[in-house]
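Participant: Each chain is listed here by its residues.
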Amino acid sequence: MLIAVLIALSNGLCIGVSRGINGHLGRREGALRASLWNHVVGFVFLSAPIALQGAGAFHVGPAPWFAWIGGVLGVAFVALNSHVVVRLGASRTAGLVVGAQMLTGVVISNLGAAIDGRTLVRLAGAALIVAGIWLANNPGAIARLRPALAAQTGEPK
Amino acid sequence: MPKAASSETILALAAGIVLASMIAINSRLAHFSSPLFASWVAHGVGTVAALIAVVAWRRAAPDAAVAASPPGGGRWPRWIYLGGVPGALTVLLAAITVNGPLGFSGTLALMLAGQMLFGVAADRFGWLGLERRAPTAGGLLGLGLVLIGSLVIIAAAG
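Residue numbers (our numbering), protein chains in the order written: chain A, 1 to 157; chain B, 1 to 158.
If you are wondering where the hints come from, they were derived from the structure by calculation, not from laboratory data.
Where hints are given, some of them may not hold.
As the list claims (entries may be wrong) - Chain A residues, not near chain B, derived (Cβ > 10 Å throughout): (1) 26; (2) 147; (3) 149.
What the hints assert, rightly or not - Reference listing, derived: stretches of chain B covered by chain A, where coverage requires no fewer than 3 residues with Cβ under 8 Å from a Cβ of chain A: (4) 8-20; (5) 26-38; (6) 62-71; (7) 77-85; (8) 94-104; (9) 116-125; (10) 143-153.
Since the model is a prediction, treat every value here as computed from it, not as a measurement.
Ideal Cβ placement from N, Cα and C applies to all residues, glycine included.
Only chain A is shown next, with the shape it has when bound in the complex:
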């Protein structure tokens, strides 16, 4: 279990490292070219385990046509990340991307679904994310809040 936890945590680390490296490359080559390099290198890297699997790797069921073109979105994803991470920093970028990713996930998984208890819990989680995104974008909010709270509770400054 501990090993699985460490692997999953370092997986998150891989996302951050990839984003940082591509951002650095983006400064030199531009965000789009960084995205191109990311996809070429990733394709070559993944070709090794595909080759190891042999012909079995190519057995594909009746997938819908749109299932094949996710890579187009991947290009936009890496380019956007590369542009943003060198400007906002790694932690703010991670917070904003994860926040919007989870919010979108809630929308996707609830399209047309009847509201039940789980939906309400998800909405509560979404509200926390929105609050977090707002706070991350208003770093001075806490500093402004503190004197107001102190005045209310009579806490000495």
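Given chain A, put chain B in place with the hints provided.
Facilitator: Chain B only, in chain A's frame:
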């Protein structure tokens, strides 16, 4: 005065929306093949799409002075071209842990946490050519709220 959301903020949020949509699409292909094959195809299709985009937007090339030397001076390291390796590794590592005791929810939760922890450390110490930024209380609290909210959503997905 709180400043209006910058264009970078909007772009970062857009990246998250794009990512969630991409995962939804790629997992359809993975369902009919394997996560490895789906990611391999996505990288191949992405390579073609990126080539077209690069040719279409030739003007997007960066400043010549910056391209010659990194902001801190010196030479550009070679590893800046290898960002695709950890990116692709993500798929393989996730395939291992999703099928283990952590399952999908646990894997996703820890990946988000690991990503944020790395972000804070990378900013603090200026890793990978990033500008050094000391963590602020508001920034950390905001990040914590996003993480907790994400965990709540993941838990509710069961």
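Participant: Does each hint fit the structure? Answer for all of them.
Facilitator: Against the structure, the hints come out as follows:
| no. | hint | in the structure |
| --- | --- | --- |
| 1 | 26 | violated, 8 Å |
| 2 | 147 | holds, 14 Å |
| 3 | 149 | holds, 14 Å |
| 4 | 8-20 | holds (count 12) |
| 5 | 26-38 | holds (count 10) |
| 6 | 62-71 | holds (count 5) |
| 7 | 77-85 | holds (count 7) |
| 8 | 94-104 | holds (count 6) |
| 9 | 116-125 | holds (count 7) |
| 10 | 143-153 | holds (count 11) |
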